[in-house]
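Chemist: Listed in order, the protein sequences are those of chains A and B. Position 50 of the first sequence, counting from 1, maps to 64 under the numbering used here, and the rest follow consecutively. Position 169 of the second sequence, counting from 1, maps to 1261 under the numbering used here, and the rest follow consecutively.
Think of the hints as simulated: they come from the structure by calculation, not from any bench. Hints may be right or wrong, so weigh each one.
Unchecked claim - Derived contacts from chain B toward chain A, CB cut-off under 7 Å, selection only:
#, residue
1, Ile1249
2, Gly1262
3, Pro1265
4, Ser1269
5, Ile1279
Unchecked claim - Below 25 Å or equal to it, Euclidean Cα-Cα: the simulated BS3-like pairs (lysine-lysine) are:
#, chain 1, residue 1, chain 2, residue 2
6, B, Lys1280, A, Lys138
7, B, Lys1280, A, Lys130
8, B, Lys1146, A, Lys206
9, B, Lys1205, A, Lys206
10, B, Lys1230, A, Lys206
11, A, Lys206, B, Lys1280
12, A, Lys206, B, Lys1271
13, B, Lys1146, A, Lys126
14, A, Lys148, B, Lys1146
15, B, Lys1214, A, Lys101
16, A, Lys188, B, Lys1280
17, A, Lys187, B, Lys1271
Where is the CB? At the ideal position from N, CA and C, for every residue including glycine.
Below, each chain spelled out in residue letters.
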Amino acid sequence: MSRKIIIFLLAVLLALFVGINIIIGVNSSTRVTFTSTYPKTSLKIISPDGKQILINTTQAIDLKIGDYQASYQNKDLNKDSFLVSIKKTTSKINLDPGYNNDLLTSKMSVDKEEIKGVIGSLFKSNNYSIGTEKLYHKGEWFAGSLIVYQVNLNIDPELGNPDNYDIYYVVLKKNLNNNWDLVGGPGLILTKPENPSIPDFILDDLNPSN
Amino acid sequence: MSRRLLMIAITVFCILLAGVFISSDFIYRNGKTNVNISISSPDAYLTINSVVVKTNNIYLQPGKYLISANKKGYFENRKIYEINEKEMNMHLKLTPIPDKTVSELNFDGDFNKLQAKYPIIKNFPYDAGVYLIDYDIKGSYLKGYSIELLVMSDNAIGRREALRGIRDLGYNPIDYSVKFENFESEIK
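The following block holds chain A by itself, in its conformation from the complex (with noise of 0.2 Å):
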């Protein structure tokens, strides 16, 4: 075989190395889209092997097939980190970020009145006491819990006695119009599969944990 056949076989072995892991690298990442609720948003992901990118929504990247660590950076936002995975047949994701919670209390403040008003409706008696009030993602969801006496708060001699109260947990969502609705409850304890369309993290929230 002469010399020349050898360097071109080898040659063409070389471009089939070459190749085969351009077609490799190719398949091992994917053009991602990411959108928002939020705009604007503005979000640092982290690789599986620490590579920090900064990604802007509508922006198309080229991302690595894997999970990664994101938080959002605008500063009204919750920094919380969360899970992106990135796969193979992965081409969008859609961002629904929440507000932090410095600017979910100061929401909380402009609503406070309107929402005691709709749970005020909601009980036999005024025999009652806001425990916890809360504001979820971008305040569109109010959680809180009540603590409802069963007997006359300015009379009862035992109102100290914890067997006089229950503790009942309510949610509330803004409408259209933006009015509150009562979307969960009031209940002794507000459920999973009982109240499927509150989001899971504020039921987890919501509920005593012990």
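Given chain A's structure and the hints, the job is docking chain B onto it.
Modeler: Structure of chain B alone, referenced to chain A:
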């Protein structure tokens, strides 16, 4: 490298590739019979000798095969078929299983499945004195059975303690339907 040599290399490569495909298909089909299997119900799955087959048009060596069609809510259609050298078309009919209510629940089979799905029920009835927890079974065989936890206590401490008791057993009560019995609610 001359252009001619490159053309030869590409042609040889293409011929080799085509050869590999043609010969592998020939080897796969050689001596086998084309069998077309249709099933009366969509979304059913097919097994041949207990191996799930994803296509309904297959090539099999002549011989005996255990062929079955399966779908949830239907009786399995399972039979030994003899495949000869002549192309074969077969149609497997699936018959729906009549639904079973909770009262018809089979306590050897269905109940064991329910217990595997909801291991919490092994603890019930649970009588802690100040409260009692039991469960009720809902649903049907086809829709699937589920459970509802029943909390019985005549006072508020008992009701709160019952929820804590479920957590102490290692389960989160919010994952289940929970009904408080003998309880007069303060809700309008």
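Chemist: Run every hint past the structure and note whether it holds.
Modeler: Here is what the structure says about each hint:
1. Ile1249: 5 Å, holds
2. Gly1262: 13 Å, violated
3. Pro1265: This hint holds: Pro1265(B) lies near chain A, its Cβ roughly 6 Å from the closest one there, short of 7 Å.
4. Ser1269: 5 Å, holds
5. Ile1279: 5 Å, holds
6. Lys1280(B) / Lys138(A): Status holds; Cα separation ~5 Å.
7. Lys1280(B) / Lys130(A): It holds: about 16 Å lies between the C-alpha atoms, which stays within 25 Å.
8. Lys1146(B) / Lys206(A): Measuring from Cα to Cα gives roughly 36 Å; hence the hint is violated.
9. Lys1205(B) / Lys206(A): 22 Å, holds
10. Lys1230(B) / Lys206(A): 16 Å, holds
11. Lys206(A) / Lys1280(B): 23 Å, holds
12. Lys206(A) / Lys1271(B): With Cα atoms ~13 Å apart, Lys206(A) and Lys1271(B) stay inside 25 Å; holds.
13. Lys1146(B) / Lys126(A): Violated. Lys1146(B) to Lys126(A) sits at ~58 Å, over the 25 Å cutoff.
14. Lys148(A) / Lys1146(B): Given that 25 Å is the threshold and the Cα spacing comes to 51 Å, the pair is violated.
15. Lys1214(B) / Lys101(A): Violated. Lys1214(B) to Lys101(A) sits at ~39 Å, over the 25 Å cutoff.
16. Lys188(A) / Lys1280(B): 22 Å, holds
17. Lys187(A) / Lys1271(B): OK: Lys187(A) and Lys1271(B) at ~24 Å, within 25 Å.
In this structure, the hints that do not hold are numbers 2, 8, 13, 14, 15, in rising order.
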